[in-house]
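Trainee: Below are the chains, spelled out letter by letter.
Protein chains: 2
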Amino acid sequence: MIIDCHGHYTTAPKALEQWRKAQIDNLATPELGPRVADLRISDDELRESIENNQLRLMRERGSDLTIFSPRASFMAHHIGDFNTSSTWAGICNELCHRVSQLFPEHFIGAAMLPQSPGVDPRSCIPELERCVKDYGFVGINLNPDPSGGHWKEPPLTDRWWYPVYEKMVEYDIPAMVHVSTSCNACFHTTGAHYLNADTTAFMQCLTGDLFKEFPTLKFVIPHGGGAVPYHWGRFRGLAQELKKPLLQEHLLGNIYFDTCVYHQPGIDLLTRVIPVDNILFASEMIGAVRGIDPLTGHHYDDTRRYVEVAAIDPQQRAKIYEHNARRVYPRLDAALKARGL
Amino acid sequence: MIIDCHGHYTTAPKALEQWRKAQIDNLATPELGPRVADLRISDDELRESIENNQLRLMRERGSDLTIFSPRASFMAHHIGDFNTSSTWAGICNELCHRVSQLFPEHFIGAAMLPQSPGVDPRSCIPELERCVKDYGFVGINLNPDPSGGHWKEPPLTDRWWYPVYEKMVEYDIPAMVHVSTSCNACFHTTGAHYLNADTTAFMQCLTGDLFKEFPTLKFVIPHGGGAVPYHWGRFRGLAQELKKPLLQEHLLGNIYFDTCVYHQPGIDLLTRVIPVDNILFASEMIGAVRGIDPLTGHHYDDTRRYVEVAAIDPQQRAKIYEHNARRVYPRLDAALKARGL
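Chains as they are written, first to last, in the working numbering: chain U, 1 to 341; chain G, 1 to 341.
Simulated from the structure, these hints should not be mistaken for lab results. All values derive from a computational prediction rather than experimental measurement. In this text, a Cβ means the ideal position worked out from N, Cα and C, and glycines have one as well. Hints are not guaranteed to be accurate.
[What the hints assert, rightly or not] One-sided and incomplete, this derived list gives chain U residues near chain G with beta-carbon spacing under 10 Å:
hint: 1; residue: G62
hint: 2; residue: H106
hint: 3; residue: L195
[Said to hold, decoys possible] Once the Cα atoms are required to be at most 20 Å apart in a straight line, the calculated SDA-like pairs of lysine to any residue come out as:
hint: 4; chain 1: G; residue 1: K152; chain 2: U; residue 2: H150
hint: 5; chain 1: G; residue 1: K167; chain 2: G; residue 2: K212
hint: 6; chain 1: U; residue 1: K244; chain 2: G; residue 2: T189
hint: 7; chain 1: U; residue 1: K243; chain 2: G; residue 2: H298
hint: 8; chain 1: G; residue 1: K244; chain 2: U; residue 2: G297
hint: 9; chain 1: U; residue 1: K244; chain 2: G; residue 2: I292
hint: 10; chain 1: U; residue 1: K152; chain 2: G; residue 2: P117
hint: 11; chain 1: G; residue 1: K244; chain 2: U; residue 2: D293
hint: 12; chain 1: U; residue 1: K244; chain 2: G; residue 2: K212
hint: 13; chain 1: G; residue 1: K244; chain 2: U; residue 2: T189
hint: 14; chain 1: G; residue 1: K243; chain 2: U; residue 2: H298
hint: 15; chain 1: U; residue 1: K244; chain 2: G; residue 2: G297
hint: 16; chain 1: G; residue 1: K152; chain 2: U; residue 2: C183
One chain only, chain U, in its complex shape:
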């Protein structure tokens, strides 16, 4: 089985974007803004948006199941206030839930949180609980920078975030550390902000001792870990300077990297440097980079092709494709076992 741990609903029907636009247009006058009930998307529309896109590509590329969350760049936690984000997260999570109900063999949900700049993350708990209990979601996306490129929240090691971690531990769900749209002109969203956030989150964990406080807390750092594997020697050396344990012991019991690295040399480095137990297959398909690589004739984001030819053995590949995801997302494993898989 091939599990893609990093999929977003980037192909939702246009009505969703229109609803969001109306919400934003009425930020100052929410009483005039759209109600949740104003958004009507039929099951047929959902089916079509998935069958012609993600599911078609999953079949072509041979992946079986995608951990599916709302479109990352559309989370835009910096817009409006907590109520804005709360309503928007509720809508987006419900759509992912409906997709997982329509295609239960192929999609299982991960939640967007209703984060808002400066607002206590405790406010995200009700939506998190709803997604886990009512929707059967198996993970969350946690945005370390709800300001959208201004980085005004404390580091992930700060007690500020602990209420979310306590719930994650209670439910045994990991967080993918994933920012959203940058509204800082310096940072291109998918070409700088995403990768920078991955590197930043890893280094925050390196300097702290978060996993001593929460030994079972798990983070998936997407986009192949940003700059981290490429600079693994630098990070090993920085841990040494900071008198931290070896990274294997200090962080790799809790931090995992996905395979969203869009060329062969990158995946080769990732699998050479990072222990195979810490790598989870992912593509973030129909995401930041949708084109076809003229050097290969294949889509940049068809990451399975890179993993297929990486210098690892079949057992290691099976860990990356399936077993690691089932270990890191225990609720996914339970859901699969319930289906006899």
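Following the hints, put chain G in place on chain U, whose structure we already have.
Mentor: Below, chain G without anything else, positioned relative to chain U:
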């Protein structure tokens, strides 16, 4: 000949740090603050600080000449105002100049600029001119984020920066794009902010058309280009989405990466992915990562060892060690030729 294009004066005598501390303590009362003349460092002290540190390691490791600039993390452009930075840059550049006079075969200067948040970069021109004309410096360090991790300046492609570029083109000097200390708690200086800035600067150039405006402008992106080579497929794909030319044509006539990547797999990826003509040898020795790698028994920042065994031929290695630096830093080449080298 082996030229290390990325060295900072991280080992300056303590008096320098004390002077800076006094300057900072008197930010609000500069009339009480230290005068430039209060800083007294003898040639013997300079000699000792270099002979026992950089020069000793250069001899051990076999590099011949270092392009030497003030300590990056100490630039701290976010502190005080333009006058603060101007005085500080003047002092730091003069020390690097004196080192280059004491060890003319082994050190040649690159300038720190007196940048200050929100201040027109035109204000940096007099110091730049002094360093080039009076000191024979061959390059500059340009900080894309003088706010120190808050990223409040416009992107490098903005006309805001053009006065500096015009001078760079006039003098035919490249800029190493190098941030300084982060005062944003989210970003560890050397483990996140430096690498993020490298990625950010590259992506700013990718989205813009700066090198159409300035065809001879040259940027060296340090720390192996941040996350860029590891995600080269992503950047190729993003350029394609943005309808930009191939990266080779769009950016690689003007952008170069150094070899400050502190493990073998990173250097192997760099030399596999980035054309050899765009890679310049560097170590940033006695910098962020000063320890010995227990896996190799050698210093993490002894980057020559990695380049020595990378899968490139001797001619390619000679480009990385010498010829590319002489091409990217024409004033360095001229200085060497004047010495018959």
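Trainee: All hints, please: hold or fail.
Mentor: Status of each hint after checking the structure:
no., hint, verdict
1, G62, "violated, 20 Å"
2, H106, "violated, 25 Å"
3, L195, "holds, 5 Å"
4, G:K152 / U:H150, "holds, 9 Å"
5, G:K167 / G:K212, "holds, 17 Å"
6, U:K244 / G:T189, "holds, 17 Å"
7, U:K243 / G:H298, "holds, 18 Å"
8, G:K244 / U:G297, "holds, 19 Å"
9, U:K244 / G:I292, "holds, 15 Å"
10, U:K152 / G:P117, "holds, 18 Å"
11, G:K244 / U:D293, "holds, 14 Å"
12, U:K244 / G:K212, "violated, 47 Å"
13, G:K244 / U:T189, "holds, 17 Å"
14, G:K243 / U:H298, "holds, 18 Å"
15, U:K244 / G:G297, "holds, 19 Å"
16, G:K152 / U:C183, "holds, 12 Å"
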